[in-house]
Amino acid sequence: MLPSSLGRVTRPLAEASGPLIELRGISKRFVKHLDLAARIGNRLGANVREEIVHAVDNVDLKVAHGEIVGLVGESGCGKSTLGRLAAGLLEPSAGERFWRGQALERLAPAKGRRQQLRTQMIFQDPYASLNPRLRVVDIVGEAPVVHRIVTKKQQVEYVGLMLNKVGLDPTLMRRYPHQFSGGQRARIGIARALAVKPEFLVCDESVAALDVSIQAQVLNLFVDLKSSLNLTYLFISHDLGVIQYLADRVVVMYLGRVVESAPAAKLFNQPNHPYTQALLAEVGRVEPKKRTFVPIAGEIPSPLDPPPGCHFHPRCPHAMPVCRARAPALVEISTRQFSACHLNDPAMRTTGQAT
Amino acid sequence: MSAAEGAVGAPTAAMRKAQTPFARIVSDFVANPVAVFGLALLVVIVLAAIFAPLISPQNPYDLAQIDVMDSKLPPGSKAATGGTFWLGTDDQGRDMLSAIFYGLRISLAVGTIATALALVIGLAAGLVAAYVGGRVESLIMRVVDIQLSFPAILIALILIAVLGQGTGKVIAALITVQWAYYARTVRSAALVEKRKEYMEAARCLALPPSHIVFRHLLPNCLPPMIVVATVQVAAAIALEATLSFLGLGLPITEPSLGLLIANGYQYLLSGKYWISFFPGIALLLTIVSINLVADQLRDVLNPRLQR
Amino acid sequence: MSANGGPVLTVSGLRTHFFTRAGVVKAVDDVSFAVGRGEVLGLVGESGSGKSMTGYSLMGLIDAPGRIVAGSVVLDGVELTKLDAEAMRRVRGSRIAMIFQDPMMTLNPVLRIDVQMIEAIAAHEKIGEAAARARAREALVKVGIPSPDERLNAYPHQFSGGMRQRVAIAIALLNKPSVIIADEPTTALDVTIQGQILFEMQRLTRETGTALVWITHDLSVIAGLADRVSVMYAGRIVEEGTVVEVLATPRHPYTRGLLDSVPSNSVRGARLKQIPGMTPSLAHLPAGCAFRDRCARAAADCAAAPAMRALTPTGHAVRCFHPL
Numbered sequence: 001m002l003p004s005s006l007g008r009v010t011r012p013l014a015e016a017s018g019p020l021i022e023l024r025g026i027s028k029r030f031v032k033h034l035d036l037a038a039r040i041g042n043r044l045g046a047n048v049r050e051e052i053v054h055a056v057d058n059v060d061l062k063v064a065h066g067e068i069v070g071l072v073g074e075s076g077c078g079k080s081t082l083g084r085l086a087a088g089l090l091e092p093s094a095g096e097r098f099w100r101g102q103a104l105e106r107l108a109p110a111k112g113r114r115q116q117l118r119t120q121m122i123f124q125d126p127y128a129s130l131n132p133r134l135r136v137v138d139i140v141g142e143a144p145v146v147h148r149i150v151t152k153k154q155q156v157e158y159v160g161l162m163l164n165k166v167g168l169d170p171t172l173m174r175r176y177p178h179q180f181s182g183g184q185r186a187r188i189g190i191a192r193a194l195a196v197k198p199e200f201l202v203c204d205e206s207v208a209a210l211d212v213s214i215q216a217q218v219l220n221l222f223v224d225l226k227s228s229l230n231l232t233y234l235f236i237s238h239d240l241g242v243i244q245y246l247a248d249r250v251v252v253m254y255l256g257r258v259v260e261s262a263p264a265a266k267l268f269n270q271p272n273h274p275y276t277q278a279l280l281a282e283v284g285r286v287e288p289k290k291r292t293f294v295p296i297a298g299e300i301p302s303p304l305d306p307p308p309g310c311h312f313h314p315r316c317p318h319a320m321p322v323c324r325a326r327a328p329a330l331v332e333i334s335t336r337q338f339s340a341c342h343l344n345d346p347a348m349r350t351t352g353q354a355t
Numbered sequence: 001m002s003a004a005e006g007a008v009g010a011p012t013a014a015m016r017k018a019q020t021p022f023a024r025i026v027s028d029f030v031a032n033p034v035a036v037f038g039l040a041l042l043v044v045i046v047l048a049a050i051f052a053p054l055i056s057p058q059n060p061y062d063l064a065q066i067d068v069m070d071s072k073l074p075p076g077s078k079a080a081t082g083g084t085f086w087l088g089t090d091d092q093g094r095d096m097l098s099a100i101f102y103g104l105r106i107s108l109a110v111g112t113i114a115t116a117l118a119l120v121i122g123l124a125a126g127l128v129a130a131y132v133g134g135r136v137e138s139l140i141m142r143v144v145d146i147q148l149s150f151p152a153i154l155i156a157l158i159l160i161a162v163l164g165q166g167t168g169k170v171i172a173a174l175i176t177v178q179w180a181y182y183a184r185t186v187r188s189a190a191l192v193e194k195r196k197e198y199m200e201a202a203r204c205l206a207l208p209p210s211h212i213v214f215r216h217l218l219p220n221c222l223p224p225m226i227v228v229a230t231v232q233v234a235a236a237i238a239l240e241a242t243l244s245f246l247g248l249g250l251p252i253t254e255p256s257l258g259l260l261i262a263n264g265y266q267y268l269l270s271g272k273y274w275i276s277f278f279p280g281i282a283l284l285l286t287i288v289s290i291n292l293v294a295d296q297l298r299d300v301l302n303p304r305l306q307r
Numbered sequence: 001m002s003a004n005g006g007p008v009l010t011v012s013g014l015r016t017h018f019f020t021r022a023g024v025v026k027a028v029d030d031v032s033f034a035v036g037r038g039e040v041l042g043l044v045g046e047s048g049s050g051k052s053m054t055g056y057s058l059m060g061l062i063d064a065p066g067r068i069v070a071g072s073v074v075l076d077g078v079e080l081t082k083l084d085a086e087a088m089r090r091v092r093g094s095r096i097a098m099i100f101q102d103p104m105m106t107l108n109p110v111l112r113i114d115v116q117m118i119e120a121i122a123a124h125e126k127i128g129e130a131a132a133r134a135r136a137r138e139a140l141v142k143v144g145i146p147s148p149d150e151r152l153n154a155y156p157h158q159f160s161g162g163m164r165q166r167v168a169i170a171i172a173l174l175n176k177p178s179v180i181i182a183d184e185p186t187t188a189l190d191v192t193i194q195g196q197i198l199f200e201m202q203r204l205t206r207e208t209g210t211a212l213v214w215i216t217h218d219l220s221v222i223a224g225l226a227d228r229v230s231v232m233y234a235g236r237i238v239e240e241g242t243v244v245e246v247l248a249t250p251r252h253p254y255t256r257g258l259l260d261s262v263p264s265n266s267v268r269g270a271r272l273k274q275i276p277g278m279t280p281s282l283a284h285l286p287a288g289c290a291f292r293d294r295c296a297r298a299a300a301d302c303a304a305a306p307a308m309r310a311l312t313p314t315g316h317a318v319r320c321f322h323p324l
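Chains V, U and R, in that order, give the protein sequences.
FYI, the numbering for the first sequence is 1 to 355, going by the numbering used here.
FYI, the numbering for the second sequence is 1 to 307, going by the numbering used here.
FYI, the numbering for the third sequence is 1 to 324, going by the numbering used here.
Any given hint could be a false lead.
Here are the simulated lysine-lysine pairs, DSBU-like style, with alpha carbons at most 35 Å apart [stated by the list, open to error]:
#: 1; chain 1: V; residue 1: K62; chain 2: U; residue 2: K194
#: 2; chain 1: U; residue 1: K169; chain 2: V; residue 2: K152
#: 3; chain 1: R; residue 1: K273; chain 2: V; residue 2: K62
#: 4; chain 1: U; residue 1: K169; chain 2: V; residue 2: K153
#: 5; chain 1: V; residue 1: K197; chain 2: V; residue 2: K266
#: 6; chain 1: V; residue 1: K197; chain 2: R; residue 2: K273
#: 7; chain 1: U; residue 1: K194; chain 2: V; residue 2: K197
#: 8; chain 1: U; residue 1: K196; chain 2: V; residue 2: K153
#: 9; chain 1: U; residue 1: K194; chain 2: V; residue 2: K226
#: 10; chain 1: U; residue 1: K196; chain 2: V; residue 2: K226
#: 11; chain 1: U; residue 1: K169; chain 2: U; residue 2: K72
#: 12; chain 1: V; residue 1: K152; chain 2: U; residue 2: K194
#: 13; chain 1: U; residue 1: K196; chain 2: V; residue 2: K32
#: 14; chain 1: V; residue 1: K197; chain 2: U; residue 2: K196
#: 15; chain 1: V; residue 1: K32; chain 2: U; residue 2: K194
#: 16; chain 1: V; residue 1: K226; chain 2: R; residue 2: K273
#: 17; chain 1: U; residue 1: K196; chain 2: V; residue 2: K111
FYI, nobody ran anything at the bench for these hints, they're computed from the structure.
Looking at chain V on its own, in the form it has when it is part of the complex (with noise of 0.2 Å):
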């Protein structure tokens, strides 16, 4: 028998009054080194260059507990390595890490393990996100008895517990995951996640591959489980329909840098930035007449090789000189909400100059 405090999820009584989680300047460079070969190459006069990806550059994230942060932006923004750095998969270039105040850099290696499971990731691939070799009592049930959350007595019965917290028959826990549908795997990983007693979910795409009656089935199970087990979450996707409908703060990246950021009503009432209007034009509406598509030109830059000054330049509407010669600063316009433009600074509206 379980003891009845496992069904429960305790938190701790004083809501800390600053961030859950903070990023504070986070960077993370990917950079494919030179091997010996153009080592060589280079001495002899070839111009190999280190091949350097800025996936995120210089990015502040805050959640607030009880929060849901959407995260959206196209390929190539930084946004599912931004969540794998929050989540603890990938080690910061620069920049620091809080939770609840307290820097994560600096923790030892038990504290960090602990610290570890209070973020989980829910993944996007319902097919490659679960070891398709183990049952999947054994999927939800390894990490709890491995961090002795439970006993290994104890662990058909727990699995049965979360099997029941996502909508799933726990009497299915023998089956392996090719036996069950794409939105039951979501399901699946949404338990495992669950199992290890987390705070913070990060969920990177977590309904894209599904169907859209199986993403409404799977978005509600969300909503509930934030109320009933006081999560929060920080949800990337590129559907901004799903993010219009469930965040509460919208933050918008471009090429590694964040654009925009504000509360959901006003970023999608109000948006400032001219790539947010450009993507906020594109949201499929399911309104029975006709649209003139009015696109937005030129394609998405590699990140390789990252237009000067501010990313967006080449394509937005209204790039000034200045927007060549300098990146913008992320500033906060009005309450709450942010924006990284010139067109916000008054003094370059006007020369269109940097002054």
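Assemble the complex: chain V is given as a structure, and chains U and R must be docked to it using the hints.
What follows is chains U and R alone, placed relative to chain V:
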């Protein structure tokens, strides 16, 4: 909460019957009649090798039972003691059928043991290389590359020349030749698996690295290894036969199939073909049946079909 | 029906079945629709609905263990299901063309773009290489690819995803087909690039008068692009009509459920109305209405399979005994 609606576990027809992966592999395997034939043949050969002392008309190593007056008799000849030499006798008077059974035993045993040990060593090396990465990986893989660039027989010959002859040394030579192939295969498989999201999930759950490697990485790298190992048993048997044929393999007191073939080689064109021919057929059938089984296993274990 | 004369493509009672070891999979089960010149028909459904298989059936790309077991596909007056392999090859790519979700299904990674495009033209027409190249270049301009002369000499891996899809569209347009089947061509693309592609498709269908069958699961794309829509479920069409009719006044419970599931259609914070259960496996369809197990309005008579029933003179029809 819609636990009931979400509890779509109510087995709908959409769910496959609770079939373990093993049961599925078996049912897919038997769908191909050629593979089943290969498997049956292999089973017969293995049983013959295991029960050789029971089914051989004569113990070919017992000098008391051999009469040099019976030497080089054609297949079907009658022995002085009343039995029949179904496949003839060799130049010492040994019954070929018995010699083949005992020879199969040696060949299969040496091939299987060498392959098993090479598999363990190669698996360990390849997994470590893939999981740890960096300099360690480079080092291991360069050793593998260098070794694989030499012909197998050349390495085996050099090792035998250095170590001397004997059963243990032959097995050591076979292991040295084979491990690199496994290491390379498992490293490729492990690199692919490492990127999959369930591996990231395991790290997210703060599972210890040894747990991740043995519980998550290794079982998913095994299917290609099983196929490679099966084929390599055949290759090991063939390599051992080659060494024995050249006189550098197992000692004469334990004749494997290769040695039997070598013994009869000189008589091949002078009409007494059976001394080389029948051991050759036995070797051929062994290798063919192993390859048939391995072929079908490769198709059945193909992850593309695992959905 | 289309307003510009008779339909270009008429499909009636199409059935495509796959005969597997696990049983007969009825991937396409009695599908009928018609598309007129310059018209855009949306074929909407989730995974397992049979929409992609319908597209492949129209192109004659169904291989063993599947085959078209019944029904007719009439393109410009020619019955496609009765053609032999050689005749179908002549039709495929010249009178009817297909664009896939992954442009690398169309493009050969080891051949240059001009080689592939010229090959596509030469397969159907005897034409000199210079003339073929000029036509290829013109097609690239038409789909909005900048610097077409340079791009002709490039390889597919030198293009971005959106550009590759444009090239695939250009190849589809090369021989001026009457109908283009587009199987989720923008699903894998970023949202801003998707907008570009949709803009091009809209322009092209208007300019060239090519009919378009757009297969997707994304209702918002259909809402913006299509004239008519057919909703598929478990291999059957369950509702069809003009886009306005079907999306503003859906009559089939599944269509209603689909529309309710889309988050942008819901109020923030309110629970999404979800359809309970899962799509049935096409190998084990329940008898009668395939949606029966998940439908709140199911009654005893739903045990018999409903047929399409017209509701309005403009062609709004549902396959349901108890439409909304």
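Comparing the hints with the structure gives:
1. V:K62 x U:K194: Satisfied, since the Cα-Cα distance of roughly 31 Å is no more than 35 Å.
2. U:K169 x V:K152: violated, 46 Å
3. R:K273 x V:K62: Within the cut-off at roughly 32 Å; holds.
4. U:K169 x V:K153: Violated - the C-alpha atoms of K153 of chain V and K169 of chain U are around 48 Å apart, more than 35 Å.
5. V:K197 x V:K266: holds, 33 Å
6. V:K197 x R:K273: holds, 28 Å
7. U:K194 x V:K197: holds, 26 Å
8. U:K196 x V:K153: The hint holds at about 30 Å.
9. U:K194 x V:K226: Satisfied, since the Cα-Cα distance of roughly 31 Å is no more than 35 Å.
10. U:K196 x V:K226: Cα-Cα ~28 Å, so holds.
11. U:K169 x U:K72: It holds: about 32 Å lies between the C-alpha atoms, which stays within 35 Å.
12. V:K152 x U:K194: It holds: about 27 Å lies between the C-alpha atoms, which stays within 35 Å.
13. U:K196 x V:K32: Roughly 21 Å between the alpha carbons, so the hint for K196 of chain U and K32 of chain V holds.
14. V:K197 x U:K196: Satisfied, since the Cα-Cα distance of roughly 24 Å is no more than 35 Å.
15. V:K32 x U:K194: holds, 19 Å
16. V:K226 x R:K273: Roughly 18 Å between the alpha carbons, so the hint for K226 of chain V and K273 of chain R holds.
17. U:K196 x V:K111: holds, 27 Å
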